[in-house]
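A.B. asks: These are the residues of each chain, in order.
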Amino acid sequence: MISTQLLDQLPALQVCLPLAGAALCALIDRRYIAWVLTTLISFAMPVIAVMMLIQVMTVGPISYAFGGWEPPFGIEYRVDVVNGFLLVLISVMGAIIMPYALRSVAAEIARNKQAWFYCMYLLCLAGLLGMAITADAFNAFVFMEISSLSMYVLIALGRDKRALVAAYQYLILGTIGATLYVIGVGLLFAMTGTLNFGDMAERIVAVEQSRPVLAALAFITVGMCLKLALFPLHVWLPNAYTGAPSVATAFIASTATKVAVYLLLRFYFSIFGAAFVFEDLPVTPILLVMSVAAMFAASIVAIFQGNVKRMLAYSSVAQMGYITLGIALATPIGLTGGIVHLFNHALMKGALFMALGCVALRIGGCRLDAMAGIGRRMPITMAAFVIAGLSLIGVPGTVGFVSKWYLALGAIEAGWWWLAFLIVGSSLLAVVYIGRVVEVAWFRAPTGTAAEATDPPLSMLIPTWILAAACIAFGLDAGFTAGVAAEAADALFAGLRQ
Amino acid sequence: MTSSDLILYALAIPFVTAILIPLAHRVPNLREAITLVGAGGLFVTVMMILGRVLAGERPSLGPVEVMPRLEIGFNVEPLGMIFACVASTLWVINSIYSIGYMRGNNEPRQTSFYVCFGVSLGATMGIAFSANLFTLFLFYELLTLVTYPLVTHKGNENAMKAGRVYLMLLIGTSMLLLLPAIVWTGFLAGTLDFTPGGILAGNASPALIGVLAFLFVYGIGKAAVMPVHFWLPAAMVAPTPVSALLHAVAVVKAGVFTVTKVVVYIFGIDVLASAGTVDWMLWVSGGTILLASLVALRQDNLKRRLAFSTVSQLSYVVMAAAILAPISLVGAAVHIAAHAVSKITLFFAAGSVYTAAHVTEISQMKGIGRRMPWTMVAFAIGALSMIGVPPTAGFLGKWFILQGAYETEKWIAVGVVILSTGLNAAYFLPIVFSAFFEKERPEHVGEHGDHGEAPLPIVIALTLTAIGTVALFLFPDTLVFLAQSMVDGGAMVEGVPDPDMLADPGGVGSDTAVGTEAAPAEEEAQ
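First to last, the protein sequences are chains G and A. Mapping to the working numbering: the first sequence position 235 is 218, numbers consecutive. Heads up, the working numbering is the position in the second sequence plus 29, with the first residue counted as 1.
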């Protein structure tokens, strides 16, 4: 009996556990205890998320009335295939990084601030999971603020002074994004009188063509595009990723922008409805142009970066372009490509940033010059880097290929064969910037600290390799990822309206 | 042992070898022994598969689904069998050669060299046995990636630049052109399986077929059709065993093999012939044959001359496919094998000269035949085969290609073959002549000192392949039978080979279209 009661509470636990953990970390203020606590909680998260996803796949969507207040009046947590998949992604990434964090955080963050780091990490995790799980537009805003505020702190904890500027820049732009979102939600609330996603979806039909609803769509689109760093609203991202501590970068890069994409998907498909957004309004051409611009412009900028972390940050902007491209295609196959790339990009960027964190641990930075000859000194780390880099390029047998296949197929299916060429063409730019690192890391003689560098301890190597191996495993057997993504795309097209 | 197991072993042996090699890092003799055992094991396995294919079986493995429409699966058909036999046989010989070469030249990082070699062969087997385009593409890209460290083996600025060209051209063409072609094909046909007669019949307009053919021919950069051939001369910075086995056999043959495979099993020659939008293939391949030969004429560096010769010879296969006659496709398949064994001989000889005399330029090779008779005789045999003089293997491929060209009245192809034969003679025979009949220049003797033949493993290897070049001409039955059964699809699948057919490599038997039309063509050629 207790077990079924506990099962019923899974959606609440998914968010409340890390929130409570964050408070505990702050109260205890001992770095080892904080790490143990954070690790335990972050390991519990994927268990909960997977259990919920299994339930969703077998029984159907889970609806949880928070505090017993029935929707649409109270706050509803609702898990379906779309966000169930996202919850698994966020929580798994959050868990894999924790064993890695112990050494990396110890090396990169002042002793007296390490407990706070874990506190903020848990807050951020709670915020992201909350954004993903809630079915309440305003509650999503609250969680967005929780995750963003904690993210600003995580970034500012970087030992580089420029991290402070980066955090401040992100603070301002992130707040603008969130404000735009909440204005949009306010307009929708004024027109429909509800904040519940499902309820809103039903009521919006009557007022669909009204000006406030159109304005709300515009506000939410721009707000979320700022959060997900769609070119040209991406300016905060490269600085933030470069300045943040390695662990924070790896975690944020593989989760935060993905949640913003999810909210955008939710509003487009579940609330406004695909027909309204993509057929009545010119959202497709706008997103398409921005996405293609991101794929090329950001990749080209990445080629010229002297700091590898910054290079990968620009690469992230380019990769977000693939995801929004999948949305812009607005077909089941294209959307499947976008959603599967959410997952795939998290894997490869996680692996890349974690490999870089290993390098930073040994040589104290991520400048390309300083990485000369590192390939022979840290072969295991750099092998993981290369595997994840190949995924970024989209070599067959890696996850990147799976995404590219769906996106190209979606483009050809839509009759836009030129778009298929743009998709594969932009991946060639990844060959150049990954190739640059490979050349420096293997063909130059090591100097300075790089000459004495060795592979990092296993606690960092194993998590990095789990992600790198996952890049290949899910590339050779995409049944799970592509299958769930396809179901999620179908669910999105089906909409929330009964 | 089931046939599926055999395929699995053929794929696994090279990879397992590659994993075991680093374990013997500190014991070079053991390390090389592992390579030799691996190569030998693969050879035996492939020969066992060959036995079953000759008996009419078409062994297969899988498929395993990666995601909807994409499967990894293997299926041994005659063309893949030829390719696998060539690659695995020559790996054994090349391994012997490598030991002599790598030790003789004190090359660094030999362990990673052998590891990459093992993986390359695994990828080659994957390409040869692939049952669909996706599987082929997977191993095709793997082969590019794993040969990159071999090309850049020297680790200097030069090698790095060459590596850039190599990677960007091969990955670039395959991502930019081949991948969209595969996606498009998958979209049109709903499948990517290699199917006799093709999968595009009725699914694509003639114009689209022309576009797809363009994407395939240029997307398969490994086939080195001009102007995407630059990677091949660049790859010559690699140690000679790499140039010999990979850039004369495995990698480049993977390219033309893929082109042939796409023509036969994806488009289907009838579909291509009736579409009428692929005549340009004849022109670009013919142009490549002649242009590359002209460039080869002007190269003084021996390996570069050989590289351009390879570019030229590869386009024979593409042209043979573009002729779109069954008999010329037999020629394509035969030429894949014949050129492989001859060109590897030439590279072996070049490496032998480099190891013994430290000479890389043709102008320095005057009179070297007297010091290195084995090497230069082998070189001469390889050169004759390039020209297509009987009794060498090179004659066979040209013979079938010419037959197909007469049959379909593709006079351009006939002209190209005749002209290029002259050019081949013009850039190979002077080397042979000056090596044997010109006097050694005293200043060159000063440069490389008094030397004799190269180390024994090298001499053994090049002698074996030279013998192979002649043997393939004298005993072509199995090869031609396999090539033949590729084009008549089902006809040869059941039962044992027809003895009449084996006695007469030119015809297939009176009941097929090829046989009846090939006979007058033969007379005409004579």
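Hints in this document: simulated from the structure, not taken from any laboratory. Computed from a predicted model, the values in this text were never measured in an experiment. Where hints are given, some of them may not hold.
[What the hints assert, rightly or not] Cβ pair distances, simulated, as ranges: (1) G:Asp352 - A:Gly451: 49 to 59 Å; (2) A:Glu86 - G:Ala452: 30 to 40 Å; (3) G:Asp352 - A:Val93: 37 to 47 Å; (4) G:Trp400 - A:Phe466: 31 to 41 Å; (5) A:Gly226 - G:Gln192: 40 to 50 Å; (6) G:Glu435 - A:Glu86: 52 to 62 Å; (7) A:Pro459 - G:Gly347: 56 to 66 Å; (8) G:Thr432 - A:Leu52: 52 to 62 Å; (9) G:Leu264 - A:Pro256: 37 to 47 Å; (10) A:Ile447 - G:Trp400: 37 to 47 Å; (11) A:Leu52 - G:Leu441: 17 to 27 Å; (12) A:Glu186 - G:Ala477: 52 to 62 Å; (13) A:Ile489 - G:Ile445: 44 to 54 Å.
[Unchecked claim] Listed next, the in silico SDA-like pairs over lysine to any residue satisfying Cα-Cα at most 20 Å (straight line): (14) A:Lys190 - G:Glu422; (15) A:Lys190 - G:Leu0; (16) A:Lys183 - A:Met197; (17) A:Lys190 - G:Val415; (18) A:Lys190 - G:Trp425.
[Claimed, not checked] Some residues of chain G that are not near chain A, with every Cβ distance over 10 Å (derived): (19) Trp52; (20) Gly377; (21) Trp388; (22) Ala391; (23) Glu396; (24) Trp400; (25) Ala403; (26) Leu411; (27) Val414.
Ideal Cβ positions, reconstructed from N, Cα and C, are used throughout, including at glycine.
A.B. asks: Next step is simple, just say for each hint if it's right about the structure.
C.D. replies: Checked hints:
1. G:Asp352 - A:Gly451: 49 to 59 Å: Check passed, 54 Å falls within 49 to 59 Å.
2. A:Glu86 - G:Ala452: 30 to 40 Å: This hint holds: roughly 36 Å between Cβ atoms.
3. G:Asp352 - A:Val93: 37 to 47 Å: With a Cβ separation near 44 Å, Asp352 (chain G) and Val93 (chain A) satisfy 37 to 47 Å, so the hint holds.
4. G:Trp400 - A:Phe466: 31 to 41 Å: violated (59 Å)
5. A:Gly226 - G:Gln192: 40 to 50 Å: Violated, at about 54 Å.
6. G:Glu435 - A:Glu86: 52 to 62 Å: Holds: the Cβ-Cβ distance is about 58 Å, inside 52 to 62 Å.
7. A:Pro459 - G:Gly347: 56 to 66 Å: holds (60 Å)
8. G:Thr432 - A:Leu52: 52 to 62 Å: Violated, at about 31 Å.
9. G:Leu264 - A:Pro256: 37 to 47 Å: holds (45 Å)
10. A:Ile447 - G:Trp400: 37 to 47 Å: Once the Cβ atoms are compared, 40 Å apart, the range 37 to 47 Å for Trp400 (chain G) and Ile447 (chain A) holds.
11. A:Leu52 - G:Leu441: 17 to 27 Å: At roughly 20 Å between Cβ atoms, Leu441 (chain G) and Leu52 (chain A) fall inside 17 to 27 Å, so the hint holds.
12. A:Glu186 - G:Ala477: 52 to 62 Å: At 58 Å between Cβs, range holds.
13. A:Ile489 - G:Ile445: 44 to 54 Å: For Ile445 (chain G) against Ile489 (chain A), whose Cβ atoms are near 47 Å apart, the range 44 to 54 Å holds.
14. A:Lys190 - G:Glu422: With Cα atoms ~10 Å apart, Lys190 (chain A) and Glu422 (chain G) stay inside 20 Å; holds.
15. A:Lys190 - G:Leu0: Violated, at about 54 Å.
16. A:Lys183 - A:Met197: It holds: about 19 Å lies between the C-alpha atoms, which stays within 20 Å.
17. A:Lys190 - G:Val415: Satisfied, since the Cα-Cα distance of roughly 13 Å is no more than 20 Å.
18. A:Lys190 - G:Trp425: holds (13 Å)
19. Trp52: holds (42 Å)
20. Gly377: violated (7 Å)
21. Trp388: For Trp388 (chain G), whose nearest Cβ neighbour in chain A is about 7 Å away, the distance does not exceed 10 Å, so it is violated.
22. Ala391: Violated, since 5 Å does not exceed 10 Å.
23. Glu396: violated (6 Å)
24. Trp400: Non-interface label on Trp400 (chain G) violated, nearest chain A Cβ at 7 Å vs cutoff 10 Å.
25. Ala403: violated (5 Å)
26. Leu411: violated (6 Å)
27. Val414: Val414 (chain G) not clear of chain A: closest Cβ-Cβ about 5 Å, inside 10 Å.
Hints 4, 5, 8, 15, 20, 21, 22, 23, 24, 25, 26 and 27 from the list above are not met by this structure, while the remaining hints are.
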